[in-house]
Each structure stands twice: as structure tokens, then as C-alpha cells.
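K.L.:
These are the residues of each chain, in order.
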Amino acid sequence: MTVRNRDDRARDPERAGRCVTDHCVTCSDEGIPMRVVSEEREGIATCEDQAGGRQHVQVDLVGPVRKGETLLVHAGTALLRLDVEGPP
Amino acid sequence: MKFVDEFRDPELGKHLSSEIRDIVEPGRRYKIMEVCGGHTHTIYKYGVDDLLPTNVELVHGPGCPVCVIPMGRVDDGIAVARQPGVIFTCFGDMMRVPGGDGTLLEAKAAGADVRMVYSPLDALRIARENPDRDVVFFAIGFETTAPSTALTVRRAVQERVPNFFCFCNHVTIVPPLRALLESPDLRLDGFIGPGHVSTVVGARPFEFIPADYGKPVVVSGFEPLDLLQSIYMVLRQLAEGRTEVENQYKRVVPYEGNPRALTVMADVFELRPHFEWRGLGFISHSGLKLSEKYAAIDAELRYEVPGVRVADPKACQCGEVLKGVIKPWECKVFGTACTPERPIGTCMVSSEGACAAYYNYGRFARDRAVV
Numbered sequence: 001m002t003v004r005n006r007d008d009r010a011r012d013p014e015r016a017g018r019c020v021t022d023h024c025v026t027c028s029d030e031g032i033p034m035r036v037v038s039e040e041r042e043g044i045a046t047c048e049d050q051a052g053g054r055q056h057v058q059v060d061l062v063g064p065v066r067k068g069e070t071l072l073v074h075a076g077t078a079l080l081r082l083d084v085e086g087p088p
Numbered sequence: 001m002k003f004v005d006e007f008r009d010p011e012l013g014k015h016l017s018s019e020i021r022d023i024v025e026p027g028r029r030y031k032i033m034e035v036c037g038g039h040t041h042t043i044y045k046y047g048v049d050d051l052l053p054t055n056v057e058l059v060h061g062p063g064c065p066v067c068v069i070p071m072g073r074v075d076d077g078i079a080v081a082r083q084p085g086v087i088f089t090c091f092g093d094m095m096r097v098p099g100g101d102g103t104l105l106e107a108k109a110a111g112a113d114v115r116m117v118y119s120p121l122d123a124l125r126i127a128r129e130n131p132d133r134d135v136v137f138f139a140i141g142f143e144t145t146a147p148s149t150a151l152t153v154r155r156a157v158q159e160r161v162p163n164f165f166c167f168c169n170h171v172t173i174v175p176p177l178r179a180l181l182e183s184p185d186l187r188l189d190g191f192i193g194p195g196h197v198s199t200v201v202g203a204r205p206f207e208f209i210p211a212d213y214g215k216p217v218v219v220s221g222f223e224p225l226d227l228l229q230s231i232y233m234v235l236r237q238l239a240e241g242r243t244e245v246e247n248q249y250k251r252v253v254p255y256e257g258n259p260r261a262l263t264v265m266a267d268v269f270e271l272r273p274h275f276e277w278r279g280l281g282f283i284s285h286s287g288l289k290l291s292e293k294y295a296a297i298d299a300e301l302r303y304e305v306p307g308v309r310v311a312d313p314k315a316c317q318c319g320e321v322l323k324g325v326i327k328p329w330e331c332k333v334f335g336t337a338c339t340p341e342r343p344i345g346t347c348m349v350s351s352e353g354a355c356a357a358y359y360n361y362g363r364f365a366r367d368r369a370v371v
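Residue numbers (the working numbering), protein chains in the order written: chain A, 1 to 88; chain B, 1 to 371.
Derived by calculation from the structure, the hints in this document are not laboratory data.
Check each hint, because a few of them may be wrong.
Have a look at the derived ranges for each label pair, beta carbon to beta carbon [to be verified]:
no.	chain 1	residue 1	chain 2	residue 2	range
1	A	S38	B	D185	50 to 56 Å
2	A	S38	B	R133	27 to 33 Å
3	A	E48	B	G307	39 to 45 Å
4	A	E48	B	P259	26 to 32 Å
5	B	V174	A	G43	43 to 49 Å
Over the 10 Å line for every Cβ pair with chain A, so calculated as not near, a few chain B residues [to be verified]:
no.	residue
6	E11
7	P120
8	D122
9	P147
10	R178
11	E304
12	P306
Beta carbons are placed, not taken as given, at the ideal position from N, Cα and C, and that holds for glycine.
Please take these sequences and the hints and turn them into a complete structure.
P.N.:
This is the structure we're talking about:
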């Protein structure tokens, strides 16, 4: 799976409205793998992408998650739990 | 990088390319549509089409959610954003999509409070932080994005956030595919099915394509080798006289999709009788709106929106591009009046759009394009 992480430039207000990364991770059809870094609380867990960017993610669709698990995340919601043994 | 390098291995790519050359009939022309904008992006970023025989043509489908939003809906969003006290939130690409009345970014410059968010959850957070303001989330996307909106809408109700509203423009993938298959000016031999839409809906909804239209479908991942393998699988079905739905992306896509996501969507959304698609016109039962149960947070009910259909600019040929009738570079304004910096058409706005993908990666295969 292509990992297209947003970076700090994406948060730069001067560039508002432009997805400066390779790819728009939110409005595209494509999810990104993120690792769970905090305990789930009320259906939300903090997850980290491969560039270290953190985000609150709704995990209701994949059930209880544990720290260290990898999820396929799209628009702030985990769509599925990725198999740690196999590539996403 | 693990999970990436193995799907970009040049040697494996050459091997797949060779297998594709071996399986095609020399005198036959093949047109395969990649439905998803993410696939279009990968194809032009990595030059996947350069690895194909000249008689295999990839046609770019309508699977970029930004590209299919009609200008009238953008104007509706701008009208809501201009309401006093409203904080209007949307994804980044959406801010630059031109409507008949400018863009959301221009509305922001003129004083509207328009903010970019990465998820509907961000919009809900803004609503919590601004209890005296209405916060409207401009929801777009296919079934990949719709569950995120649905969960957030439910969360807003459960957490009693009364100032969160949703302007729903979600669409579904099957009706436009059926419309394309019914289109008289498009002859397709097979489809590369959308990978992450299918994580939600599964591969089963695409069974009508082989059953009703006799065309193969292969649900594909997003790496270059995924796409090469999926193209090979489509061509192999054609060579063997089979037409069925195959799942190349089994490592991610369950054939039945995500039942929890489908349940949440069924609760929060209902189908509109019809919805306008840029370039494709009105398609029955192709758009989603909030269900009666969530009518209290439906921005279309809270605010008066113009609801006027706006014709695309005459110079813009996004419609033909979205239907695969012309290649992006054949549009009259491609790369001249219409660029990613100053887009006229939606296909140039989103990085998922076919025009932006062509423009950004400089792939002008004029000598081999067949229209």
C-alpha cells in the first residue's frame, strides 16, 4: 500500500486548500495504514502514521483495538484492522 | 520500506508486463477502465501504462469524489458558508473546486469562515470548541468516506453537540458504473474495481457487471504491481472467455465488505431519488442524504440553499474526460487556461483527477492514445 503521509506543510495556513503531499488522503478513495499509540477511549484512539503524524481515529468499525495494532484509516476512521503478518 | 518495496519491485513489474504482452491478442484493442482516482494517480505517477502493449488502453473512470461534484453543489456550499455565524469545514481539495460563484477559498478570502479539516471528527471538535457558532461539515466521497461521516453524525447526536451540521454530498459507486455501461459512446472491455471503496462495500456489489453486461471486474490494490497484476487478471479473463468479479486486493478487501460500516451507513443515510454528477448528469439513487432520524443536523434543511443547476464552462471537457471519451490532454484548455494552480474543471483540482495526474507527471502519451 502506498503510504502518503501528510506533513507539516499540509498544516501551513498559507497553503490552505492545497494538498501538498503526494496525494489527498482525505477526499481520495485511498486509506493509509496507521499504528495505534494510545488506549481506545469511547471509540476513539490516537494513531500514528509512518511519518509520525498523529490523529484521533474513530475505531467503532473495527472493534476494540490495542496499542501497536495497525489499522487502515480513511478520513479519521479505521476501516479495517490490517494483518500484521501480511502487507496491507 | 516494508509493505511498499515489494509492490514496486521493477523485476516483478517487468515480468508482469511480459505476461500481459503474452496474453493479449495482437489484432485486438482493449479498453480497461480504472474506476478509482487513486488508481489513476498511481498509473501516471509510476508510468504503469508505459509497461502495457499499445493495444491496451486504460480509461480513467469517475472515482474521484472531488471531480464528480457538480458546480451547483459547490455554490450551495458557498451559500451556506456565507451565512452569518457559520464555520464551514471541508476537505482540502474541495476548497479549490470552482462553482458558478467562485470557490470556497475565494469565499474565505471574502470573509466567510471556511476551514480545512482532515476528517469529519475534526469538524465535530471545532463545533465543541465553538458552541455559539454553527459548524457545517461539507461531506463528500464514496463509500470509503461515508462511514466516517456517518459515525461522526451519530457521535454528534450521542454527545449532544447541537451546533454540528452536515451538508451531505456523499455518492455511491455502483449507479455511475451502470450509467457508464449504458452509455452508447463508450465501449469498455473490463474494469479495475476500486480498492478501498470495496473494503466497505465488498466486491459483491460489482457482480452485476459480469452478470448483466458480460465484463470482467478485478478489485485492485494501489501499488504499481497491484495494478499490473489486476490488468493481467482482466486480460486473462477475456482470453479465457470468463467474466466474473475477482479480488486482487485480498490482503485488504473482504469479499463481503465491512458489515459494521454498512449498518452505520444504513442508519444515518438514505438514498436521494437522484443526484447530479459532473459530466454524467443526473443518476438515480446515486447520492446519499441524511435520513429522517438525523434531519435535525441536515444543513440543507437548516439553511436555504440555491439548489440551482449550473452548467459547466463551455471550454471545460471534464464530462468527456470522466466518461473516458477523451484523454485529458485532448481538452481544449488542458495545461493552458486550466492548470492545477488555476483549475477550470474539477479533474484538474484534485490530485486524484485524471487531468491533474497527467499534468503533474507530464505523461502525454499522444502517440498511443486511441479515442
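K.L.:
How does the Cβ-Cβ distance of A:E48 and B:P259 compare with 26 to 32 Å: does it lie in that range?
P.N.:
holds, 27 Å
K.L.:
Go ahead and decide if the range 39 to 45 Å is satisfied by the Cβ distance of A:E48 to B:G307.
P.N.:
holds, 42 Å
K.L.:
Return holds or violated for the Cβ distance of B:V174 and A:G43 against the range 43 to 49 Å.
P.N.:
For A:G43 against B:V174, whose Cβ atoms are near 29 Å apart, the range 43 to 49 Å is violated.
K.L.:
Is it correct that the beta-carbon of B:D122 has no partner in chain A closer than or equal to 10 Å?
P.N.:
violated, 7 Å
K.L.:
Can we confirm that no CB of chain A comes within 10 Å of the CB of B:P120?
P.N.:
Non-interface label fails for B:P120: nearest chain A Cβ at 7 Å, not farther than 10 Å.
K.L.:
Test the statement that B:P306 is away from the interface with chain A: the closest C-beta pair must be farther apart than 10 Å.
P.N.:
It holds; B:P306 is separated from chain A by about 22 Å at its closest Cβ, greater than 10 Å.
K.L.:
Take a look at whether the Cβ-Cβ distance between A:S38 and B:D185 falls inside 50 to 56 Å.
P.N.:
holds, 52 Å
K.L.:
Is 27 to 33 Å right for how far apart the beta carbons of A:S38 and B:R133 are?
P.N.:
holds, 29 Å
K.L.:
Evaluate the condition: distance from the CB of B:R178 to the nearest CB of chain A exceeds 10 Å.
P.N.:
At about 18 Å from chain A, B:R178 clears the 10 Å cut-off, so the statement holds.
K.L.:
Please verify that the nearest CB of chain A lies beyond 10 Å from B:E11's CB.
P.N.:
holds, 17 Å
K.L.:
Please settle this one: B:E304 was flagged as non-interface, so is its CB more than 10 Å from every CB on chain A?
P.N.:
holds, 26 Å
K.L.:
For B:P147, is the shortest CB-to-CB distance to chain A above 10 Å, so the non-interface label stands?
P.N.:
Non-interface label on B:P147 violated, nearest chain A Cβ at 6 Å vs cutoff 10 Å.
Violation of the numbered hints given earlier is confined to hints 5, 7, 8 and 9; the remaining hints are satisfied by the structure.
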